[in-house]
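As a plain string of letters, each chain reads:
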Amino acid sequence: MTALQRLFKFHGGVKPAYNKEASTGLPIAVAPTPTLLVIPLHQSIGGMPRPLVTAGERVLKGQRIGGADGNVSSAVHASTSGTVIAVEMRLMPHTSGLSALCVVIEPDGRDEWIQRQPFDFRSATPTQTRDYLRDAGVVGLGGAVFPTYLKLNPGKQGKLDTLVLNGAECEPFITCDDVLMRERAETILKGVAIMREMLRAGQVLIGIEDNKPEAIAAMEIAAQAANRAAGDSAIKVVSVPTRYPAGGAKQLIRVLTGIEVPHGKRSTDYGVQCFNVGTAHAIYEAIALGQPLISRIVTVAGNVGLARNYDALIGTPMRDLVALCGPLPDSDRVIMGGPMMGLLMPADSVPVVKATNCVLVGSKQLFPPPPPEMPCIRCGECAKACPAELQPFEMYWFSRAKIFGKAQEYNLFDCIECGCCAYVCPSHIPLVDYYRFAKSEIWARELEKEAADVARERYEFRLLREEREKQEKAAKLAAKTAAGREKAAAALAVVEKPATTPEEDAKKALIAAALERAKAQKELVHPGNVSDLTPEQQAEVAAIEARRAEIREMAKPHLRQDD
Amino acid sequence: MPRSAKWRSRTCGRTIEQNRDPLVNNSPYFLKPASVQSVMLRVLVALLPGIAAYVWFFGAAILLQIAMASIAALAAEALMLALRGKPLMLFLSDGSALVTAWLIALTFPSIAPWWLAVLGTLLAIIVAKHLYGGLGQNPFNPAMVAFALMIVAYPQLMSQWPAAGATDLAGQLHAIFGTRQIDAITMATPLDALRTALHTIDAKASVAGVLGSNPGIGSVGGKGWEWVAAGYLVGGLWLLQQRIITWHMPTAFLAALFAIAGVFSLIDSTQFAGPLFHIFTGGAMLGAFFIVTDPVSGATTPRGKLIFAAGVAVLTWIIRTFGAYPDGIAFAVLLMNIAAPLIDMYTQPPVFGHKDKRGDSP
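From first to last, the protein sequence lines stand for chains A and B. Per our numbering, residue 121 is the first one in the first sequence, and the count goes up by one each step. Per our numbering, residue -8 is the first one in the second sequence, and the count goes up by one each step.
Read the hints as simulated data drawn from the structure, not as lab findings. The beta-carbon is built from N, C-alpha and C at its ideal position, and this holds for glycine as well. Some hints here could point you the wrong way.
Unchecked claim - One-sided and incomplete, this derived list gives chain B residues near chain A with beta-carbon spacing under 8 Å:
{"id": "1", "residue": "20"}
{"id": "2", "residue": "55"}
{"id": "3", "residue": "81"}
{"id": "4", "residue": "85"}
{"id": "5", "residue": "294"}
{"id": "6", "residue": "344"}
Bound conformation, chain A alone (with noise of 0.2 Å):
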């Protein structure tokens, strides 16, 4: 089954140390709950949820206590029972170190569940599978942590063509996706089989690098069986080669159907789509267990006595999943991700989230600080490196300098910053830094011209309206000096003509079309975005002013707060 599938080649990537070994010894362990479990509402791309419950508040396992807000959106939920003791600001699993609302939960050990039942999707429309899904928190679990159901719409066509099932697992160290295939091969084919449902797709290409035998084989068996059960033979288990970044879904869609799906481009355009097999074991747990997203596997490796994987509830410290595996003495360091694109965290006290795929120790013998920076001599090592088959060393040419413009030339934007370019470079030039800087700046500056063009039209709106206020006073004012004309014209002509002559009348009417011109104008002017609200608008307009005050009480505290 696997010898029949044509691969093709991605451009570029690199071949470090795996170090999966360590950590696909033992199997799967059950993280224990921890004393106290800190959630962030926002854990995944797009708006962040807003918070379902208060302090004091008893919570169950499973209950939703972030509701998705907005059209990107996902929800998050209460890992266990027990009681919500705080919503709060927390540091968050970022290399910024900023804080983000919390929900704090203190665990009761009784573990109690909310009601479990099914979602029937068969019988239920697209749009209310997706609602589910987006209400049950599921997200991409390969990292990126993009809303599941977002991506369960096949597109124009009403169908798709290939379903690209991500197991490659490129990153050193990592082995999570790994030891699922391996142990829940049969329900991540179950959350297959709704996927696929769902996008009406023809074929479905399970991706997983050469390195993995023991998941090849196991999802084999569980693609086998899922054929059979269907009826037919879709389902194809793909050995890839062993290349990093190959897990990346532009590049396993590439090195599977050939597809290159270009920067900012939907895949269901080119007819297909790609998940990881964590997010299908979580579409499974969500649909037939009726089970939302609370736990995600982690391995912990790297300067470790013990590497292994666990199935952490979301909130878990990180250091207590450390603790776990008996770090070293020299640890210094804790990475969320692995060694090529992690993200160094800022304290170990950060919980575990739905991106946090592997808690990585690090360690200055582990992770040596790299060698001094050179000057860049335009080898194209990096070049022949990036996946993207961008050319890294003009782009670092220009972000050095500051010309971002030129930067964007050279398709800043299409990379993925997977750090092959500074991996192989012999001038230990921190390239991606680089990029990372130079995006965020443009980001910035696109915010600050947005700014400056909502400012720009605001200033252009009142020059508009006080010129059109200059010329109603005008009016009003020719008005009144009329109607002062008239009435002492008509004084003199009760003394003198008691009868008004027609020219009189013509000017009277002139006037009094003036003043119903000028009144108008007056009406329209005043402000209507709060006048003339109906009561549930009214009511709907103090709830979201209580909330904002609420917001901006529990911040208080935190504003000045150090880590």
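Given the coordinates of chain A, assemble chain B onto it according to the supplied hints.
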């Protein structure tokens, strides 16, 4: 705020002292063991076969020239780094100055006065390299700048080459340090002899006549020189195997030189030397693998490399055939260096997902 903060794990009491040193890097956290130094050292190693052949056929003087040029290069590099306030050891040990020095020694006559290569090296490092901003910033190939300057300033001295087989060290030392007349051991290179004969001495001279009548000229590219060129070829192929250079430049350079020389020698074999002669004589083989391949001053895109190297080859042939200097590689390289940014600009390869127009708008 303290630079490092401590957390004590509640569950087992172990402590990870989070490294908050601003020097701790972002991802990737480990790098391939590669360095500018190892690149440069391998380039030097790749020059050794050619140098061995040089010593065998033309005597040990070349080793002395290489040593003097190396010392001059390191001294000039150290001086400029100190003046520019750059870390001394980091840059002195990168090996780039040595590559420049060795290329200068190998392109200058080995029995030229000692100060010729030294002066050339000083100009290359101080002017062509550091005044433009140092490693990685020079728009022109420093070794070729040195060659061009010196051949313009001292055409006579730059044309006195050792005769093949004249490996008498004492005589060469006298020549280098100017203590004795050197006519006895010098001769023009085959290229120079050919140019002089065809252009100045005898209007009726033919390529076969000149090359055949000269006892110092061998069968392919000049006696001895063809073996030196073969040594450079061996070293160059090793560089390819080591992935220090790509196939584009050497292939395009040699193919273009072979093609243009071949076409013209087919048209008139009495006036134009054959393609094999051209690629095995003078600096062609050294140029193909070690000079046009300089990444800093050359083109960098795959197509750009082909255009750049082919351009150098065509200009080299033109200068060799119609010019007034014994070899044309230096001028050809400098001329193409000017064009390199433009070539790069127009030969940008398409990036992932943007390869065909249909792909952009499904």
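Chain A contact restraint for residue 20(B) - C-beta distance below 8 Å: Cβ of residue 20(B) sits 4 Å from chain A, so the hint holds.
Hint check: 8 Å Cβ-Cβ cutoff, residue 55(B) to chain A: Constraint on residue 55(B) not satisfied, violated at 29 Å.
Let me know if the C-beta of residue 85(B) comes in closer than 8 Å to any C-beta of chain A, holds or violated. The hint holds - residue 85(B) has a Cβ within 8 Å of chain A, the shortest such distance being about 7 Å.
Given residue 344(B) as an interface hint, is its Cβ closer than 8 Å to any Cβ of chain A? holds, 3 Å
Holds or violated: the hint that residue 294(B) contacts chain A, with Cβ atoms closer than 8 Å. violated, 12 Å
Hint residue 81(B) vs chain A: min CB-CB distance below 8 Å? holds, 6 Å
In this structure, the earlier hints numbered 2, 5 are contradicted, and the remaining ones agree with it.
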